[in-house]
Amino acid sequence: MRAGGGFGADTAARVLCRVLGLAVACAFAGVAPATAADSTASRVPKPTIAITTPGKCVEDREVILRDHMDLLKHQRVLTVHEGIRTKAHSLENCVACHASRETGRVTGSKDAFCESCHRYAAVRLDCFECHADRPATGVAANMPSPAGTAPR
Amino acid sequence: MNTGNGNVDHGRRQVLAWGAAMAGVALAPGVTLFELAQARPPSEPASAKVRWGMLVDVNRCATDCDACVVACDRENGLPETKTATSAQWIRKVELKDLRGGPSKTAPVMCQHCAHPPCVDVCPTGASFKRADGIVLVDRHTCIGCRYCMMACPYQARSFVHEPVTDQKPEVPRGKGCVESCTLCVHRIDRDQIPACVEACAATGHKAILFGDLNDPGSEIAQAIATLRTRALRPDLRLDPGVVYHGL
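First to last, the protein sequences are chains A and C. The opening position of the first sequence corresponds to residue 1 in my numbering, with each subsequent residue numbered one higher. The opening position of the second sequence corresponds to residue 1 in my numbering, with each subsequent residue numbered one higher.
The set of hints was computed from the structure by calculation and includes no laboratory data. Not one of these hints is a red herring.
Heads up, simulated DSBU-like pairs for lysine-lysine below, C-alpha to C-alpha not over 30 Å straight-line:
#1 C/82 x C/104
#2 A/110 x C/168
#3 C/129 x A/73
#4 A/87 x C/129
#5 A/73 x C/49
#6 A/110 x A/87
#7 C/175 x C/129
#8 A/110 x C/175
Partner residues aside, some chain C positions facing chain A, computed with beta carbon under 10 Å:
#9 40
#10 42
#11 43
#12 45
#13 128
#14 132
#15 167
#16 173
#17 188
#18 190
Just so you know, even glycine gets a beta-carbon here, dropped at the ideal spot from N, CA and C.
In isolation and in its complexed conformation, chain A is listed as follows (with noise of 0.2 Å):
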């Protein structure tokens, strides 16, 4: 190893390339969406994402895209150890409001509700080896109750 004077005027040197780089980064990055905004939401190809029950999920949106996986996992404990059966946040309730109107099911083609996005991210979807992807008596009979009144 060098003296240490020499590895210190070095290490500024790179950090300074660094911080010129994410400047040039950020620069290029605040222009792009302005100047390409209309060419690049065609061109990115986005999963279907078909919501066809009309009414209120039990979570916001970004709340569900990111931490669905989290809330299954903390409820599936839940109900299997402990015997809390809380609809919000189980599997059943979910499938039961998001099986397709046509299949009837939550899997099975490119376009049903939990596969298309799985398919997109590429994230192996397991809980249906196990769980029914389909409601217990169809989708009809299933239909949650209008928003503001999700059971919980």
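Using the hints provided, position chain C relative to the given structure of chain A.
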């Protein structure tokens, strides 16, 4: 269940009404089929004050009847056509006196032991006993090693060898896990009795009594206090939640 906004769940009320109507069905003097269970709201965990159990009256169990087995299969989505490797949660066992006495049959399922050997040997903690005494498998953590099947003296557990489709929403099951009688835990959690008990009562035999063993006022506790009952393999001192009368 009240949904919190004044809407009354009429389905649940109806179930409670049926329960009230059937609570008076007498098995024997002082012994009724079941009592009204204490309603537990869905947000409340299972209580350790309760211990669910069953009393099987072997004398009432008809030798040619398999209503409990059929009801179990239907309730839990088990395959109707059996193969050598099909899961089996409850089975009818024939008991024959080798000296030429009458043969009897009795249903045998997970005995929901107070000291379950399956829980002792489980390497992942998947096999566990719930607070209210129900012995279950958490399929999320089960690795399918089948130690519990070896440990169970009642041969009550099954391994799922084949992929499963068309599961019941309330009874998830899948390939690679061990499973057994859950005492219809999904029904108990909504204050219903297990499917086999209901089916047995529907046939008129009323050979299975279900209830809270810890509640001295419950029908099952009173029946156990008055009748001569015994556990299967009492020498193992596992304190099963299922006891038999008339063996």
